[in-house]
Each structure stands twice: as structure tokens, then as C-alpha cells.
Amino acid sequence: MEPSTSGGPGLPWPGEALHEAALIRARRGEPDGVRVLVKASPEGRRPFVAAEAAMVLASAGLPDDARTLFADYERACEGLWGEPVWYAMMWGGQARAGAAVGGAYAAQGDRERADRWFERAREALSEQHGEWDHRLPVVWALLESGREDEARALLDEGTGDPGHRAGVPFVGYALRKGRADLVERILREAEGWFDEWTVAHLLRQYGQTELLHEWAERNGLAIVEPREPVDEDLARRYAEIARTPPAQRQGPTVDLLLRAAEQGRLSARWGAPRPLWPTARDQQASGASRTRAGTW
Numbered sequence: 000m001e002p003s004t005s006g007g008p009g010l011p012w013p014g015e016a017l018h019e020a021a022l023i024r025a026r027r028g029e030p031d032g033v034r035v036l037v038k039a040s041p042e043g044r045r046p047f048v049a050a051e052a053a054m055v056l057a058s059a060g061l062p063d064d065a066r067t068l069f070a071d072y073e074r075a076c077e078g079l080w081g082e083p084v085w086y087a088m089m090w091g092g093q094a095r096a097g098a099a100v101g102g103a104y105a106a107q108g109d110r111e112r113a114d115r116w117f118e119r120a121r122e123a124l125s126e127q128h129g130e131w132d133h134r135l136p137v138v139w140a141l142l143e144s145g146r147e148d149e150a151r152a153l154l155d156e157g158t159g160d161p162g163h164r165a166g167v168p169f170v171g172y173a174l175r176k177g178r179a180d181l182v183e184r185i186l187r188e189a190e191g192w193f194d195e196w197t198v199a200h201l202l203r204q205y206g207q208t209e210l211l212h213e214w215a216e217r218n219g220l221a222i223v224e225p226r227e228p229v230d231e232d233l234a235r236r237y238a239e240i241a242r243t244p245p246a247q248r249q250g251p252t253v254d255l256l257l258r259a260a261e262q263g264r265l266s267a268r269w270g271a272p273r274p275l276w277p278t279a280r281d282q283q284a285s286g287a288s289r290t291r292a293g294t295w
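Heads up: the sequence shown is residues 0 to 295, going by numbering that gives the first Met the number 0.
Rather than coming from a laboratory, the hints here were simulated on the basis of the structure. Please note that the accuracy of each hint is not assured.
Stated by the list, open to error - FRET-style restraints, in silico, Cβ to Cβ:
#1 Asp155 with Thr208: 36 to 44 Å
#2 Asp155 with Glu190: 17 to 25 Å
#3 Thr208 with Thr67: 37 to 45 Å
#4 Asp155 with Arg115: 18 to 26 Å
#5 Leu220 with Thr67: 32 to 40 Å
#6 Ser125 with Gly60: 33 to 41 Å
#7 Gly159 with Glu118: 40 to 48 Å
#8 Val84 with Pro245: 18 to 26 Å
Fair warning: this is a prediction, and the values are worked out from it, not measured in the lab. Note that beta-carbon positions come from the ideal geometry of N, C-alpha and C, so glycine has one too.
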């Protein structure tokens, strides 16, 4: 059974979940899984999900797969960008979309097109008042493309709390890359991110306990990390979902996918079986704000 493609124009949650899952597969170097998830994405999002996944595949050492994937959607990216109105609810953030295409071209060594699309992303960002949820995906794409100076300049222009929606996956990305300087910059003004303890777990996992304590002290927070789900818990939940009727798997599957990603446990063991890929249509908006540390 293939993932559902019926996310619907007014229902962003399935598109968000499939987008994140595609990026996780790309980061793990699994192009076949990426293609399945890109194809399952809502039509309007699909070209930009493909572009972003291509950028990540190239970074994972699969430039040929990245090039082939992006080639199938390159023209559609240009076509959607040229539409008179950008439908963010259906297509996702415009600045992120532009940066994704810029990153895909940069991965192919096409500097001219990469420059043009990154400039488009910056223009879209200015129209979105430079909000962190839009800024950090652009910074990430610039970093993935080796544009360190541009990325740092854009990062340093941001003010206020970055927020956990984009901030947490960016922190996860920076820690995996060994960039404690980027983590420190994000956490400098971050507030209330101990939600679900994802960041605390990541900082401990990557040996950044000093950053963790400094951040907690600034915010007057106690560092008491609760017990986290382990492999047995995830496997047990996976087995429970597999025994339920397909129509009842939607919400629990998305939840399990995100839990596994947060714990760094998304693998073939619970990520691959296609009957359990998310097809949720009725998730509440609050569900979409779950931290996504394993995405970028």
C-alpha cells in the first residue's frame, strides 16, 4: 500500500509529515524511499519537497540520485513560483521553497541558477518580515550549499526567540555537523524550549552539557530529564498500530514517526513499512508543532 496522496488543499498536516519523512530518508541516503514520499506529497508541495530532498541527498553523498530526482520537478518549481499568488497553506513557506531550489542547483554546481533562487528566497523572506520559521530553513540551505558567509549574515540578522518549530531541527542539524557556534547563537535568545526535552537530550547526546547548563541558568530552568522512550517502547507501539484497521492508523502513525525521529530511531525497523506511512487528515494544528530534531 502506497502512502496516500489525498492530503487535500486545506489540510497541511499530511504534507508536513511527508515532507519531514522525505528529508529524513534523504539524510539516511535512501533515494527510493525519498521518491515514494515525494510522490505521496500534496501536488503543490511536491516540487519543492523534491528540491529540498535532492539537496540533502547530495549532501549525503548521492549526487546522481539527487540530480535525477530534481530533474523530474525542476520545471514545476519554476512554474509554481511564477504563479500570481503563493498559497502557503498548500505549498509551504515561500522562502524555504526558494532556498530549497537554490540548494538543489548548488548541489549540481549550477551557481548562476543557485544565486537566482537564493535571491528569490531572500526577497520572500523580507515579505515575511524575516520570521525565524522562514529564516532558519534558508540559513540551513545556504550552509548545505557551502555558503557560510551568507548563512551567518542571514542568521545574525535575526532577532528575538527563534522558536522551536524551526529552531529545534536547526539545532539538531548544527550538532550533527559539529557546529556548536551555531547552536550557541540559536539558544542565546531561545525561551521555553524544554518542551518534550528534545533539545536537552540533543545537547547531552552531542556532549554540549556546558551549553545546556548555561541556557538553563539564563532561563531559570531545572535540568531534570524524564525517562525517554526506548527501542522497546517504540517497537511495542509499532506492533500495536500494525494490528489496528488501516483507517485507525492515521494519527498514531504520524505520532510514532515523529517520536522515532526525535529519539534518533527512525530506521527501516519502523520507518519503512508502507502501510503505516502517515495519511492523517484530521490532525489538530497543535500536532504539527511537534519538535522535529531529526529532520534537517
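Hints and how they fare:
no., hint, in the structure
1, Asp155 with Thr208: 36 to 44 Å, "violated, 26 Å"
2, Asp155 with Glu190: 17 to 25 Å, "holds, 19 Å"
3, Thr208 with Thr67: 37 to 45 Å, "holds, 42 Å"
4, Asp155 with Arg115: 18 to 26 Å, "holds, 24 Å"
5, Leu220 with Thr67: 32 to 40 Å, "violated, 46 Å"
6, Ser125 with Gly60: 33 to 41 Å, "holds, 34 Å"
7, Gly159 with Glu118: 40 to 48 Å, "violated, 25 Å"
8, Val84 with Pro245: 18 to 26 Å, "violated, 36 Å"
When held up to the earlier numbered hints, the structure conflicts with 1, 5, 7 and 8 and fits the remainder.
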